[in-house]
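Q: Chains as they are written, first to last, in the working numbering: chain A, 3 to 1003; chain D, 19 to 113.
Rather than coming from a laboratory, the hints here were simulated on the basis of the structure. Be careful, since some hints might not be right.
[Claimed, not checked] The calculated lysine to any residue pairs, modelled on SDA-like cross-linking and capped at a C-alpha distance of 25 Å, are: (1) A:K888 - D:T52; (2) A:K888 - A:H729; (3) A:K896 - D:T52; (4) A:K896 - D:L58; (5) A:K890 - D:L57; (6) A:K437 - D:R68; (7) A:K890 - D:P67; (8) A:K437 - A:E545; (9) A:K437 - D:L70; (10) A:K890 - D:P46; (11) A:K910 - D:Y62; (12) A:K437 - D:P67; (13) A:K888 - D:P67; (14) A:K53 - A:F109; (15) A:K896 - D:D56; (16) A:K437 - A:A215; (17) D:K101 - A:K905; (18) A:K680 - D:Q47; (19) A:K372 - A:E545; (20) A:K890 - D:E54; (21) A:K905 - D:D56; (22) A:K905 - D:Y62; (23) A:K896 - D:L57; (24) A:K888 - D:L58; (25) A:K896 - D:T50; (26) A:K888 - A:N693; (27) A:K890 - D:T50; (28) D:K101 - A:S761; (29) A:K905 - D:R30; (30) A:K896 - D:G38; (31) A:K896 - D:L61; (32) A:K437 - D:G38; (33) A:K905 - D:L57; (34) A:K437 - D:F96; (35) A:K18 - A:G348; (36) A:K437 - D:T92; (37) A:K888 - D:E54; (38) A:K680 - A:Y747; (39) A:K862 - A:M743.
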Amino acid sequence: MKARTTAGGRVERAKKVRFTFDGRAYEGLAGDTLASALLANGVHLVGRSFKYHRPRGVLGAGAEEPNALITVIRDEARRTPNLRATQVELYDGLVAESQNRWPSLEFDVGAINSVFSPMLPAGFYNKTFMWPRSWWFKVYEPKIRAAAGLGVAATLPDPDTYAQQFVHCEVLVVGAGPAGLTAALSAASSGARVILCDEQSEMGGSLLSERNATIEGVPASEWIAKTLETLSANPRVRVLPRTTAFGYFPHNNIGLSERITDHLASPPTHLPRERLWQVRATEVVLATGGIERPLIFPGNDRPGVMLASAARTYANRYGVRVGERIAVLAGCDAAFEAALDLSAAGSTIAVIADARPAGSVDGPGILAAKAAGLRILPNATALGVTGKLRVTGVLLGIVGADGQVVSGETIACDAIVMSGGYTPSVHLHSQSRGKLSFDEALGAFVPSTTAERTRSAGFGRGVSGLMAALQDGAIIGAEAAAAAGFAGGSLTVTAQALDAALSGSPGALPQLAGPIPPAKAFIDFQNDVTTRDIALAQREGFESIEHIKRYTTTGMATDQGKTSGLNALGIVADSSNRRIAEVGLTTYRMPYTPVTFGAFAGPARGDQFDPVRRTPSHEWAVARGGVFEDVGNWKRTRFFPVGGEDMHAAVNRECVAVRSSVGMFDASTLGKIEVVGKDAAEFLNRFYVNNWSNLGVNRSRYGILCRDDGFVYDDGVIVRLAEDRFHVTTTTGGAARVFGMMEDYIQTEWHDLSVWITSTSEQWSVVAVQGPKARDVLAKLTTDIDLSAAALPHMGVARGHIGGVPTILMRVSFTGELGFEVNVPAEYGSALWEAIYAAGQEFGITPYGTEAMHVLRAEKGYIIVGQDTDGTLTPDDAGVAWAIGKTKRDFVGKSGMDRPALKAPGRKQLVGLLTDDPSVVLEEGAQVVLTPNQPIPFKMVGHVTSSYFSANLGRSIAMAVVAGGRAKMGETIYVAMPGGDIPVKVVSTVFYDPQGARLNV
Amino acid sequence: MLVIHCPYCGPRPEPEFAHGGQAHIARPQDPTTTTEDDLLQFLYLRENPRGLFRERWRHARGCGRFFNAIRDTTTDFFVTTYKVGERPELPGGAA
Ligand SMILES: [Zn+2]
C-alpha cells in the first residue's frame, strides 16, 4: 500500500483486508472502498470505456463515478456487474473484476474502436444500421447487443433473499451530510417521526472528507458521532445507512434501497441481501448535497485524472495519496482547498493551473494556497495530457487577453485533479416534478418551485459554506416538521471551516483554435461522448437539448447527468450563443443509482410469484399422474393418463367413457355469486339477457350476460334457490369481473333495487357426474333425493344429501349426456370426490379433465365464452339469441345489440365446420376464406374458434365464426393454411345427438 | 403509488383501487327512446382532459364501493373524492 498515508482518515489501520482485482491479490484496510484500496496500491487503471474501450481510471469517490464500473463475484450465482468501485465496501476475500475488456485490462482488443473513432461519431448507430431492414434482426442487433453493455450478469438464479417494507413518517430526510443531519435533529426535536437515510456506509456526507472543520467547537467527526447518538436514542427516529433514495414517486412515496449484507465477508444466511423501503412521508427534506464537475480538456479521461473533491476524500477520509506529484486544474476555488489537503497528505503540488483570469476576488481557498507557497498559474488551460494507462504529464496553455490560447509548458505529474465547480444534486427534486432555476452566480441549477410536499436544504439548494448548510438544515428540518403538524422543533449550531466557494462555469476549457481539436475531450465518460459529438449534433441541426441528449447519448444510462449534464449544457449554450437557462434541462430519470431486480421482486418469485388455486381433487389427481394446466390462477387437471397414454389417447378414452357409461369432472373452479334480496329476480332481469321472473324455485336456466354494447361477456347456469335468492355461476375466468360489473350496476345505476351480492366461488365444491350411468352412481350415495326424471328433470335442482353431505344437486349438463353437478360446502369437496369415485367403480366411472370437457361440449356445440366469442359477437352471432327475454323492457346490452350495424346481414356467425378429410384437425385461430387460390392478400371471412378430434364421432370437428355463416349451411369453404387451403363444409354447430334425446332420460 | 381517499374508508394506497373511467356517464333509461347517438355518447365517447377530470374509482380490494374523484391529470393530485350521487363544484366554478 505504497500510496497510503501514515496516519489520519477513517480507515482502521490495524485491520488489514485482503482482496483480488482481475486475479491479482492486494491488501487494503477496513473502512476502504474498493476504489480507495486500489488507489492505495497505486492502481489507477480500473476499466475500459463503453464505446472506444479507452483505458479509464477512478474519477470520483461516490455515486457519481462513471468509469470505475466493476463486477463483484462471490460465486457463480452471485455476480454483481456494473458496481461503482467507489461505493463497494471492501471486505476480506472480496473478488472483483474489471469489465468491457478482452483479453486484459492493459491490452484490450476493443480499443481498436478508438482508432476507428472517426467512424463512430454521434448518431453512428442511427445512421449506419438503417438499411436493409432485414439486416436489423440478423446482423446489426446481435452484433450491437454483443458489443454493448458492460458487465455480465449471473446466469444462475439469484440465491439471496430480498425484503420489502412499507413505512410512514412525518419527515423523511434524504442525505446525512451537514444539512441532513441538522434537518433530522431539528425535525426530531419537535416529536415528529423522522427517517434519515444516506447512501454511504457512514453518515456524515461531505463532513467525512473534511480535514480541519469543527462544529460546536469539536472536530466534525466527533460532532457526527454525538449527533448519531442523539438520533439513535430517539425512538421516533430511524437512521438508515447504506440506503439510497432512488426514486421519488407521486404523493410523497419515496423508494429506498437498503444494502444489508453486500459489505460483509460472510453474510449471515438469515439476513436479506437488500431491503426495499416504500416510504410515505408527510414532508420530505432533500439534503442531497452536490457533485463536482470535471473540466473538459483533451485527454481528461486518462487514468490519473480525477475530481479534486474525490482526491480530497481519498486523502482525508481514506488516507490515500492519488499521486505523488499532482497537477491541479482549477475552474472553481474548491480546487485550491483540495491542493492544500493533498499537500498535507504528502503529495507534491506541481502546479495549480487556474482557468480563470487573475485579479478576481481571492477566496479563502486561494489565499490559503498562496500562503502555503503553492505555485499558482492564472489564465491557464489544459491542452492535453501525456501517458496512456496513467498520466505522466499535462500540457498547459495560456489564455491571452484576446482569448487566443498559446501553448505553454508540459508539467510532469502522476495525477491531475480538477474542479469545474459543483452541481447541486437535484435529481429527486426534479423527479418529484419540482421546477429548477439557473443560479448564475453558482453556475448551476437549483430547486425553485415544488410540486410535492418537499423541501431542499443545504447545498442541494445551492447554500454553500459549512455553517450556512448546517443552519439551513436546522431551519428546513423544523419547517418540515411544523408543516406535518409538529411545531416547535429548533436547533442552533456553529461551525468553522475553510469554506471555499463552489461556483464554476460549466462548459469546456479554452482550447487551441483549429478546425478539429487534437484529441478527445470527454463530457460524458460513461457514454464516451466528446465535445466533437456535441458539435456534430449541432451541425446536423439538433438544437433541443432533449434531441442532443438522445443523439449523442450524453447523460443517459446510470450517469443521469451527474457529472456530464451541466457541462453538456454549457457547451451547447456556448456554441449556440444562448444562456444555459435558455437551453433548458433534460429530465432526471429514476433510479438515482441502479437498483437490483431482486429488491423489486422481493419475495414475489418462484412459488411466491403468483398465488395458486387448487381444486378439491388436486391431491387425488397428483397421486394418479394427472396432467395439469393453468387456468387463471387455478391448476386444473387437463387429462388423467393411464398406462403411459399420451394426451390424445387419454382424451379419446375419457370422452368415450362419458358417453358410454359415466365420467366425473371437478367443476369447482366455476365462479359463483349469490344474489339475494326482494328485487333479486328483477336485478337479474336487468342484468342478464334472459327472463328470470318465470324461473321457479329449485329450477335453473342457462344465462347469457352482455355488456351494454351488446356483445357477449359471460355465461353460466343460474339457480333459483328461493323467491329472493339466486345461485349464479360464471365462467372460471369471469368470476371477478362479473362480480365487479354487478356491483357497478347495483351501486351506480339501479339505486331502486333491494339486492345484495356475495362471491361464493370459494364456498362450494362442485363435482360434475356425467353419462348414462350418472343417476345410478348418485343413487348409491343418497337417501333423501329423488333422482327420477319426473322428480328431477333436466335443469331441475334438488336439496338434500349426497354421501351424507348437505348438497345442492343440479341436473345440468355440459356434455349433452344425463348429468348432475353436485355442489357441497368446500370443505367436503375432496371427500365427495373420493366417495363418487368409489361409488362409480362398478360402472367404470372415469375421471376426465378439461381437455375432454372441451371436446364433449364442442360435440354438442356448447360455446365457451372467450374462445368461441371474442368480445365482438352478439348473442345472435353466437347462436344463443334464443336465451334473450323478448318481452323485457330493458336489460344490459339491449339497446346496444339493437343497433343497425349489429343486426346487419353478413355479420360473422358461429357455425360448425367439417373437413372433407375426417382425419384433418384444423388449427384454432386459422383464417377462413370463401375460395382457394386467391391473389394475396386473401379475403378473410372468419376464423376457426374450436377444433378437436372427436373419438365419439370418429372424426374431426370444428367451430368457426364466418361472415354470413348460417346462410352458407352445406356450402364448401376453405381454411387457409401455409401447406394449402383445406376444404370444409359449413354445418350446424351441434355434431352429436342434435335432438338432445340423451339429455332427457 | 398514489394515496386515494375512499369516502368510506379514508386514505388508502393505490393498489387497493381499480380505476373506473370517466364519471357521470348516464346510462340511457328507456331503450324505446334511446337513439343511436345516445348510445354513441354513452358507450364510447369519453373526455381526456389535460387538467381536472371527474373519474370513477372502486375500492376493489377494500370496501368494494364505487365513488367519484376529481383528479388533475397533469399532476395526479386529487382535488376531492365523493360518493355516488354527489357532485361537488370544481375549483374555480368550472363544470
Ligand atoms: Zn373503501
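Q: Taking the hints in turn, state whether each one holds.
A: So, going through the hints one by one against the coordinates:
| no. | hint | in the structure |
| --- | --- | --- |
| 1 | A:K888 - D:T52 | holds (18 Å) |
| 2 | A:K888 - A:H729 | holds (23 Å) |
| 3 | A:K896 - D:T52 | holds (11 Å) |
| 4 | A:K896 - D:L58 | holds (14 Å) |
| 5 | A:K890 - D:L57 | holds (19 Å) |
| 6 | A:K437 - D:R68 | holds (19 Å) |
| 7 | A:K890 - D:P67 | violated (38 Å) |
| 8 | A:K437 - A:E545 | holds (22 Å) |
| 9 | A:K437 - D:L70 | holds (21 Å) |
| 10 | A:K890 - D:P46 | holds (16 Å) |
| 11 | A:K910 - D:Y62 | holds (22 Å) |
| 12 | A:K437 - D:P67 | holds (23 Å) |
| 13 | A:K888 - D:P67 | violated (41 Å) |
| 14 | A:K53 - A:F109 | holds (16 Å) |
| 15 | A:K896 - D:D56 | holds (14 Å) |
| 16 | A:K437 - A:A215 | violated (33 Å) |
| 17 | D:K101 - A:K905 | violated (38 Å) |
| 18 | A:K680 - D:Q47 | holds (22 Å) |
| 19 | A:K372 - A:E545 | violated (43 Å) |
| 20 | A:K890 - D:E54 | holds (20 Å) |
| 21 | A:K905 - D:D56 | holds (18 Å) |
| 22 | A:K905 - D:Y62 | holds (19 Å) |
| 23 | A:K896 - D:L57 | holds (11 Å) |
| 24 | A:K888 - D:L58 | holds (24 Å) |
| 25 | A:K896 - D:T50 | holds (10 Å) |
| 26 | A:K888 - A:N693 | holds (8 Å) |
| 27 | A:K890 - D:T50 | holds (11 Å) |
| 28 | D:K101 - A:S761 | holds (24 Å) |
| 29 | A:K905 - D:R30 | violated (46 Å) |
| 30 | A:K896 - D:G38 | holds (22 Å) |
| 31 | A:K896 - D:L61 | holds (13 Å) |
| 32 | A:K437 - D:G38 | violated (32 Å) |
| 33 | A:K905 - D:L57 | holds (15 Å) |
| 34 | A:K437 - D:F96 | holds (20 Å) |
| 35 | A:K18 - A:G348 | holds (22 Å) |
| 36 | A:K437 - D:T92 | holds (14 Å) |
| 37 | A:K888 - D:E54 | holds (20 Å) |
| 38 | A:K680 - A:Y747 | holds (17 Å) |
| 39 | A:K862 - A:M743 | violated (30 Å) |
In terms of the numbered hints stated before, the structure departs from hints 7, 13, 16, 17, 19, 29, 32, 39, listed from lowest to highest.
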